Amino acid sequence: MKKTKLLFAIGAVLLCIGHTARAGENHVSQVIKRDSIPFKNYPRIQVYVKDLSSDTALPKALVMVGKRRFYTNDEGYVVIDDVNKNGMLNVSKIGYLSQDKKVEPTIVIRLTKQERDVALVDFTNGLYQRPLEHTAAAYTVIDGAEIRKVNAISFINVLRYFAPSFIVDEDNNAGSDPNTPPAVKIRGANNFPAKTTIPAHPGVSNTNVQLNPSTGDFVASNVYNPNQPVVLLNGVQVALQSVLDLDVNRIERIVVLKDAAATAAYGARGGNGVLLIQTLRPKPGMMNVTYSGQMTIASPDVSSYHLPDAAGKLNLDAAAGLYTGNDPQYQNRLKQAGDGVNTNWLKVPTRTAMGQRHYLSLEGGDNDIAYGADASYNDMEGVMKGSNRKNINIGGFLNVHVGNVFLTNYLAVTKSTSANSPYGTFSDYAKQNAFWDPIDPVTHEYRKTLELQLPDSFRYFNPAWNGGLSTTSTNDYTRISDVLSGIWNVGYGFKLNGRIGISKQSDEVNFFLPPSHIAFANFSVDSFFKRGTYTQIASEFMSVDGNLNLDYTKKINRHQFYVTTGIMAQQTNSQSAGIDLAGFTSDKLSDLAFGNAYANTRPAAGKIKTRLLSTFGNLAYSYDDRYLLEGTLNTDQSSQFSKNNQRVMHWSAGASWNLHRERFFQPNAILSSLRIYGSVGTTGNLFYQSYLGKTTFNYLTGRQYLTTGASGGLSTRDVGIGTYLTGFGNENLKAPETQQQNAGLDVSLLQNRIGLTVNAYRNTTTNLVLPVASPAYTGFQDFNYYDNGAAIENKGLEFDLNVHVIRDLRKKILWSVRVNGIHNENRVTALNDYLQTVTVNNDAAAIDQTQPQARYVTGESLTGIWAVQSLGIDAATGKEKFLKADGTETFTWDAADKILAGDYAPKWQGSFGTSVTVKNWSADFYCFYQYGASYYNQTLADKIENADLKYNVDSRALDNRWSQPGDNALYKALSVNGLKADPTYVTTRFVEKNNYISNAVVAVRYTLPKSIQNKIRSKNTVIGLAGNNLFRSGGMTAERGIYYPFNRTYTFSLTTSF
Amino acid sequence: MYKGKNIVIILFVIIVTGGAACKKWVDVDAPLQVNEKTVFNNEQGFRDVLNGVYLKMGDSTLYGRALSYGLVSLLGRSYDTIPATAKNLFTQGVQYNFQDPEVKAVMANIWKGMYQCIANLNYALSNAESKREVFSSESSYNAIKGEALGLRAFLYFDLVRLFAPAPVVDANSATIPYITQLSHYGSEALPTSAVIDSCIDNLNTALTLLPVGDVTGSSLTNYGVQGLLARIYLYKGDLVNARTYAMQLINSKAIPLYITNPTLSTSGDFIFQKEQLFSLNANQNLLRSYLKYMLGGTSPIGLNPASQTALFVTGGGSANDWRKTFVDSVGGTKGSLKIPTKLTGNTQYYNNFHVLPLIRITEMYYIAAECANTSQDSATTIALMDTVRRHRGLLNYTITPTSGVTRDSLSKEIAKEYQKEFLGEGQAFYYFKRKNTPFNKLPYPKLPVVPGASYVFIKPE
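In order, the protein sequence lines correspond to chains F and D.
Everything in the first sequence is counted per our numbering, starting at 1 for the first residue and increasing by one.
Everything in the second sequence is counted per our numbering, starting at 1 for the first residue and increasing by one.
Derived by calculation from the structure, the hints in this document are not laboratory data.
Careful, some of the hints might be misleading.
Unchecked claim - Below are the DSS-like pairs computed for lysine-lysine, each with C-alpha atoms no more than 30 Å apart in a straight line:
#: 1; chain 1: D; residue 1: Lys441; chain 2: D; residue 2: Lys420
#: 2; chain 1: F; residue 1: Lys734; chain 2: D; residue 2: Lys24
#: 3; chain 1: F; residue 1: Lys67; chain 2: F; residue 2: Lys85
#: 4; chain 1: F; residue 1: Lys504; chain 2: D; residue 2: Lys87
#: 5; chain 1: F; residue 1: Lys195; chain 2: D; residue 2: Lys104
Said to hold, decoys possible - A few chain F residues that don't get close to chain D, going by computed Cβ distances all over 10 Å:
#: 6; residue: Asn342
#: 7; residue: Arg447
#: 8; residue: Ser639
#: 9; residue: Gln704
#: 10; residue: Gly727
On a predicted model such as this, the values are computed, not experimentally measured, just so you know.
C-beta atoms are modelled at their ideal positions from N, C-alpha and C, and glycine is treated no differently.
Please construct the entire structure, taking both the sequences and the accompanying hints into account.
Below, the structure is given as structure tokens:
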């Protein structure tokens, strides 16, 4: 590359010399009278300079004729006297590519804008861009650098700090498992959960949604998580997991598109909002190398666990009468505790994990060719022993500019390997008694049996035993993706851009339980060769995505027009096949090949293919930068649509008013700018299963119906094959539609020191795709008929307030404070028969009633907690007293008496924080909060009242229990097995408030001063130290992180470039 | 630049109109399923659906077990020895305890499975109507339609026999839904009489459509439809028509009775396959299935040797009754509680391993005999019964037509024939139900029956 540069430089020098020489000629010729040599010079030429794409005049463009310099006026016009006919003009302007042109009497030069990214405040939805003041859309743009300041490892959890409408649901079961992607949504849930809408049929595998999908399969991911937004990486749709595995350093910006004006162009895909992620593009210039490295220490946060110690548990057991008739066991356990066994089981499978990440990128080139390459390695180590996720990303970038065409290609390869802990789930450890010792005192290794209980020979097994075996649970994938995009500045205000994206991902899941795993510990001798299981699933996902957009911009005086129209085609292919083997003889033979036999006769295979074709047009008109009107129209055709609704239309209309541009608005010190905007429209929702509009059959593969009875001769081949209905398509099925309304206000005060954005919205999703409750006699047994029905409404308010308390750029002292939040009201506005049966079925005795079950009731939210109203523990009897629906009191729990006792979703949630920069030091402190949420305290239910004293309980189990008439107790009487003796079903007694403030980030960063940086020849060297999730205040008193604990992380990071 | 402008205009037109031409492109079929269009694009597709229905009927939830040697045979008293330690389903099923969850589940699966077959038939029928052009000839269209209509009537009739009270008890209450179009909607239940009349209607249509002379019993043929009509008319109580159809079949001699003991021949037809008007080639190893299911538990169930003798030998019978091998066990030790031989076949010849008899020609003799007996025509009754006896290695009855008590004793003989002839096939249960036999009058009174027992199966919710 240096050589090219050199050549370029030499060329430039030569050109300059040439110019100088020619100019010299001019100089000479000037001596000669103009009239005498009319053929050599033009007496006067007119130069018009225009912008190629918008066809508008360019003022202050530099026009060079030899050494003479001229600037165009406001009309983009300049007159130059006495110009050599053979001369060349050079026109340039900042932000545009310079152009040379032969001299003519009248010259119109159209300059091409350098393709650079849209300014951060401007609107882009991935299909078209508009200046901030020329859009009515509700959106949030987040700078990648801001995200990295807050969390250098993962962006998803901190995104809501910048965009309150981006909601990440905390998963109390999965905790901080690096291999469980979070559930995210924008504003509110528009769909019923997948487990409700996709009823399972025993023995029948669903062929309308991918079985064991690849983690890159966004079609399946959206069906299983129907409330997550569409995720677009550089304009190409991907699964959420794919962007989670992207290196944070690659992110240039994230845009959250929230309303119809922003997403209507996406039509059937826009209903849940869109998350747009744009990665960095190489910047032209000298070769630049950037390195960023992080060291992360994660420690388990088990502060929510309150487990009794050995002595405490033994007391409790004895008090409950566990050892009645089995005193030897009590004595034995007492002796163990007396010998000093007091195991902290929470420590057994957990660890303080050390992860690391390295990122290296280089970029360089010039305006014609720019290139970049990046490589990163991210090793996220979880706090459960052996649990991790390692991602390697390698990418190469090429930017080429030829004439008016800009071409960009980015090729990326991701290799991700993830492993789950061989120790299994955390809850298996939390339930072990402290008087059991996992370590064998003789061998100092894990023992398999913790205790042999006599006289029934019941054995308590040690879950940690599995951790020492070759237990394997991994999920690896390789993903290759390429995006080629081109922009052609046609001129006259037209711009054409297109994109082709191809990605292919191959996943492999390996799950091996060795024969000595405790899952097989109770297998009898005759099942000896069935011990040990191996599951291997190979899946693949490929998507091809292409689009072509045409932009037109025109400005006539105060009238500004924008027109964009585009077409997009997308195809996805997904497939998977899984096999199960059983029967492994040794722990050492941990390969598929050593299995004894298939556990199932057939592989579990799935295949889904989808196609989508989308066209849109957007027209925006702005008058005098003050008023804006815009409209979008989209038509979509999808393979998910049914025969009689093959084409779906969506639209939006919006308006905005920039009040600060009005004449009546006097520039003043208090109000800097004020903008109001609003939009209405509809978007769709493709987050349901494929092929529901198709009537399908399947052939019986193992049997033939032969008239002659037996196998017969060759003539009987194929005549007896049988087929049967596997799905009856609804040819009138429609895609769900979300009607969206949004009104927003942007105001900035005190010279932009205070910025406030407020948005109010209301989204109503109708025509949801739901199963129909068909009676058995319709013959619809192993499949469901789907129809449109029910409706869900989300309405709410969101705000984001950003205050620059101190903004002294000269002294480099900055202090800003941010508060934001969202209030969302979710409610079901209509139900269908099927949802009513779900509610009824969820109340059935066969369903686990010790935990809340979903209920769908018109007017109530999807996330309500339904429990029977408790009147406390009756002092006389020790039984729980309930209030029946009819107002009477009873001791009998009845599911029909359930009332809405709370809501998991908070009334308000958001974040607040502050950022301080003093010279080279900066510090950030951010917290999340939620208010008005409830929670069902499962710990009180499972580990106190329903506790089985065979295993460990909550340390509160001994206190506040009813023991004799007259006791005013919080909990029922102590018993050996509460669930068996007197089960506690969902009761309002255990519904707690869940309002909390949790720390997200505490970070300090130091930027090396220029003087030192120059010495070590680096730029932008930053050293940082950050802590995430350090504390939490308030909230429920239940255990947090059931299957996987939550963690606190401390990250040391270093970023530099040279 | 003009070139560019043209291109822009062209592209603009493509973008705007582009969507229109792509309907085909976005129409994607489920890769792991067969689209209905592909299934019904030729005649064979309709045959495939019928095959699918026959195979489904052969499932263990339907005629492959529950409606043959399973629950229905327990209720029909094909087994008298059900130890208390046997499977819960057997101990409860034999007591007519329809409230037992396991018994209920078996009944629910019958209900679901039968209607599933009906749904497939309905869909094939409506497609046959709309896609007549794919049939090679009018007669092949007729044959498919007739068979589908007949089969649907067969299924509906068994549904009504199981899930509705017998017409002698109550024929006019709404009992089961009668559906002729594939739809996800629920529909009103029809009275038993209406369902039966619809069945008769469809069967009459089928008679005109199905070719005469086909003796392939493994699919529903014209003879099968005639036999079914006789059976339905008798159940309905229309003895004239029942007798007409039964006699029509007997007189046609299309399906003759065996002259020599077929179980002794080299081909070893233990299940008398050639006497069947309609049977199911369930295509599964019935013997293995029987072994696993009936004898898989700790205590095998079956017909006690003493009861076998009582049924086949004592009282006008003979140890030479060809059908005695129905219950004699394999491997020589005759008379033990083992597998009915009729299911095993000859070990050298596995042809009838998977044959499930649905309608036998002998039933036509019994139907005709019952009709004659009801109209006091003892001579005809005895003649018909004797015909069967002679083809079963037995001598003629010693009862004379003039005897005063003939009618009742003949009735008893007919009932006994149902027990012998249809052992492990379930028809005996329908006989008891049709007659509304009091539970204490069922064979083997040692088998307890729960109080409040009923012949009506319980529909799933």
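Evaluated hints:
no.	hint	verdict
1	D/Lys441 <-> D/Lys420	holds, 17 Å
2	F/Lys734 <-> D/Lys24	holds, 18 Å
3	F/Lys67 <-> F/Lys85	holds, 16 Å
4	F/Lys504 <-> D/Lys87	violated, 54 Å
5	F/Lys195 <-> D/Lys104	holds, 27 Å
6	Asn342	holds, 47 Å
7	Arg447	holds, 37 Å
8	Ser639	violated, 4 Å
9	Gln704	violated, 6 Å
10	Gly727	violated, 7 Å
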